[in-house]
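Number of protein chains: 2
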Amino acid sequence: MNPALFCDPVTGVSVSDTFFSPVMETVRTRMLPYQWKALHDEIPGAEPSHCVQNFRIAAGLETGEFQGFVFQDSDAAKWIEAAAYSLRQHPDPELEARADQLIDLILQTQQPDGYIGTYYTINGLEKRWTDVTSNHELYCAGHLLEAAIAYAQATGKDRLLQAMTRFVDYIDQVFGPEEGKLHGYPGHEIIEMALLRLYEMEPDPKYLRLARYFIEERGKQPCFFAEEARRQGREYPWKDSPFRFGYYQAAAPVREQKDAVGHAVRAVYLYSGMADAARLTGDDSLYQACRTLWDSVTQKRMYLTGAIGSSAYGESFTMDYDLPPDLVYGETCASVGLAFFARRMLRMDPDGRYADVLEKVLYNGILSGMSLDGTKFFYVNPLEAYPERNRKVQELRHAKTRRQAWFACACCPPNLARLMESVGDYIYMEREGQLFVHLYIGSRAEVKQAAEDTRVEMESRYPWKGDPCLQVESGSDREWTLALHVPAWCRGFRVSIDGKEAEGTVEKGYWKLKRSWKGTHQVRISMEMPPRVVRADPQVRSAIGKIAVMRGPVVYCLEEADNGNDLHGLEMAADAPLTEIRRDDLAAGMIGIRALGRRICREGEELYRDWDGEIFQEQELLWIPYYAWANREEGEMTVWVRRS
Amino acid sequence: MNPALFCDPVTGVSVSDTFFSPVMETVRTRMLPYQWKALHDEIPGAEPSHCVQNFRIAAGLETGEFQGFVFQDSDAAKWIEAAAYSLRQHPDPELEARADQLIDLILQTQQPDGYIGTYYTINGLEKRWTDVTSNHELYCAGHLLEAAIAYAQATGKDRLLQAMTRFVDYIDQVFGPEEGKLHGYPGHEIIEMALLRLYEMEPDPKYLRLARYFIEERGKQPCFFAEEARRQGREYPWKDSPFRFGYYQAAAPVREQKDAVGHAVRAVYLYSGMADAARLTGDDSLYQACRTLWDSVTQKRMYLTGAIGSSAYGESFTMDYDLPPDLVYGETCASVGLAFFARRMLRMDPDGRYADVLEKVLYNGILSGMSLDGTKFFYVNPLEAYPERNRKVQELRHAKTRRQAWFACACCPPNLARLMESVGDYIYMEREGQLFVHLYIGSRAEVKQAAEDTRVEMESRYPWKGDPCLQVESGSDREWTLALHVPAWCRGFRVSIDGKEAEGTVEKGYWKLKRSWKGTHQVRISMEMPPRVVRADPQVRSAIGKIAVMRGPVVYCLEEADNGNDLHGLEMAADAPLTEIRRDDLAAGMIGIRALGRRICREGEELYRDWDGEIFQEQELLWIPYYAWANREEGEMTVWVRRS
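Residue numbers (the working numbering), protein chains in the order written: chain A, 1 to 644; chain B, 1 to 644.
Hints are computed from structural coordinates only; laboratory data are not their basis.
Where a beta carbon is used, it is the ideal one built from N, C-alpha and C, also for glycine.
Heads up, none of these hints are tricks.
In silico contact screen, one side only, chain A against chain B (beta carbon under 10 Å); selected entries: (1) Phe-243; (2) Leu-304; (3) Ala-312; (4) Tyr-313; (5) Asp-326; (6) Leu-327; (7) Gln-394; (8) Arg-532; (9) Ser-542; (10) Ile-544; (11) Glu-571; (12) Gly-604; (13) Glu-605; (14) Leu-607; (15) Gly-613.
Here chain A stands alone, though its shape is the one from the complex (with noise of 0.2 Å):
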């Protein structure tokens, strides 16, 4: 690793987006307001949430016992962190209101040692701690540590920060490597990066020896969960499952880890921590492990919309190249948790397949979490779907045909909210003297380290059309490099600056061009992204003899409301000529793709026969974007199609 080579991202970035700012206005007006209800209970047929009666019970406001699930109070973390990624953007008093209105619940929970979990605080605080493994009172505490910061950087008030570093010192009372202590790690990752995000915000050292320590301990035999399942004469939870240990991440320590295993979610919240760990702290070792659990989730285990865990046991990775379209889980939280990976490794090292795999996961796997109104969610998301099957089959009916209003388990929605939010903060990085432009969505931006007295702004109208244009005003002379994202689907990169040809240089992903940029300056950039027909590496056998469409970044899907049900009945030739079509039916400017393709024909009703030849006719084949399915009557779905 090159400490040097090293970036932050640009903050306090304002999004105008084509495609973005009106999914963020989304969530802003349909989303949060949305869940806001679902986590009063007030969604009339939807799971209810118990998550604000939870914290009204355990402050003393109402009687009653905790209801759902073990980490429903992660649920409100979440939703305040959303509401403050809005917030930065757009005054909403309203919903600043709301805001502050469900922290004054949280305070109000919080025990005079710090302690802030309404699980144990309804059912007994002497039972805190006694199943690190299972009971996610670290996770609960990481979410709202990260809500904490993003609200304090958001609106300047610290009252929850304030509180959840006091959570977070006794914490640090309850495990380390001291005596008395326990050795310990979270069952559910996700506050060893809050604890170094809030290091980052406030550099005191504990917190980052806190996150090392979680970091460090997992995986160390014997396993922690090993033993406080004994000391606590439970059974281990997953000790008849293929993965064991590995469930937690934890069957080795994370620096001789080489396969992505486990749960999915996670995994990928650990290593985003173990970036984090990595790039603060200069371990090269710990950076590479994480590059080996980079290419081992990228390259063997993520699915061709950056969807990843490919079974729902465990809704965990399974092993390498076992993709099935129809057995994934695919959660919505996991396809987050990827782009928080990719921007971790991004920060560390400026290589564009990281920014690859960031635009493959934000356009597909995240994106197909919610619908276009924004107001339904899925939160397995396969690459094929059957409505029939998918009801019929057990082992397949975790995969939902209709999308849905809330989850008794409703991680995905809130999480979905919050980075939706904050997807500006994903869209530039600098270094002194370099600026990096990861994803090409409309922005505004202050550059605080490339350069001095610099904005830059971008028109997208992306992912439909390849030609953002930058404007870079700056009121220094000083040279700097501006490096774009050349995506790896992308054929043709040409960049015009002010109206003539520019030549940069390509390195690793990036086109980069060092110069001068005082004065306002127009950066054009064109990329030809013309539809494309894809395959797997045929190691992958669930998609052997198959192909895809994608276009730019956007994976496409045939449904049945456009092609007819039984579409396994469909191919494809891979040559087939792909024309764009308007999809203004579905959303404004959204690109369709249409090809001609053949169906297989029946003949007679005999389960087995003679090869005798097959017998197919011509069939026009309407692609549309995967993360725009299952928003028109419940059908059939599929990614892949068998080329002819």
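Model the placement of chain B on the given structure of chain A, informed by the hints.
Only chain B this time, still in chain A's reference frame:
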């Protein structure tokens, strides 16, 4: 239905077959002694059965707790039944002494009221019949009754049969429409066909009435199982499953059932009982229900090998055309049950389509359940195996890729044993003036109804050669019809009698010739049996674009031992020439198939790439009979390959 068409099996058939006799001898000399040890927990390293131990405890000969599954008694019953069939053909004093000893032990557990069942005898007789849903009392009774009948018929010793008729009398006091009796039926069917077999032996109307009651009561609403759960304060076991009462074939009265649903073994055992009841009562609507369910199983829910049960969840049917080669359950017992069902349909309607399925399941889905040496078993019979994936992917872990020495739930090995030892009962059926040959298995039989004073003797090299020869010896000059099954796979079926081509008429899958057979006549059959490529109905999503290889009734597969790993990368043209080769290395006389195919090559390490063609390398594909897989080192296996 037309009762004039009803047939009876020709009994007392002596099997002397190049293919099955060695299997039967293996069962007699290795499998039955091995299973005897297994029942006595004497096999080092194998899962203990506890079966005999439970009987000893129930008999008061030992103290201890009931161990193993609630249906463990049935393993003893199946062993006795298999031994009985073996003794018919092979007097074996040691085997008979063991059977007598086991029967002695069972009799010592019979209660004064007739009840036999170690689970409740050990755990408290007052709790009997409180969990008819799950606790298998009637299932064990059914198996014991089948064993008792078989043993009495084979040896003339009827002590177990006497005991079982007392037990049946007691069951008749417990279940029935009368006030005060349980208005229920077994959670696991089998007693229906056992009672009807008893009725055929001893035509006491009570047996018929009780069997019909169990059949007719099933599926009436409100469901008995739900009511029982409510009464006992339990949850109905499958309340959240896709099939709910369908797990027990109890979602609707049997006459209204259109689809084969739920646990596959239970289903075909029920249908077998229904078929017996329809035949014995001339009940046309019950017969039509059997036909409907037969069609559902065999035209929409059966694997190429005759395996049934597409999901490990509930070991169940899922939906039409859902036949994934990897998720499949395909329990050996279910294939055995399908043979039962086929035989019973043949008795009412000697139509070749039933014999086709009987043949298919016998040479493939049943036989695959045992190793070539008869000492190792498969419970689950997948059509695709990939050892690493079967170990690492939870949804596939039920499918083992090494044959097992025994199972905690050991229903399959003794079921295989009793089927193999009774295979002679499946070969011939007769009615006044007609003798049907369903299977070409070398054997001798005395005709009883078709003609007077007539014997047939068959020599067969099936399934490797399609040239069975029947010698018909008759002392009567009355004309009767010889009906020879023309397998659906057979394109050229010719018969010569005493060296001269014979002109028969083919009707519903049987070649028929009516004549006098006085004297001794050689009936030589010639079936063309070239290897051939088959495909599935395109509705079978998992087999679309794929082909398989068969020869005669035998389904072939590719194994890693012959073809290298990554079998999914292989493909073959549908019209590739198929060459027969000897595979004496696997079993004497076995025929393998060779064909030229190709293997897709990896190009680079990218998980996804733009389409730029594919590179293939020619490869010879070596196919072996499916049933013979997993008899060498552990490795991959597939039945279906992509067609190129």
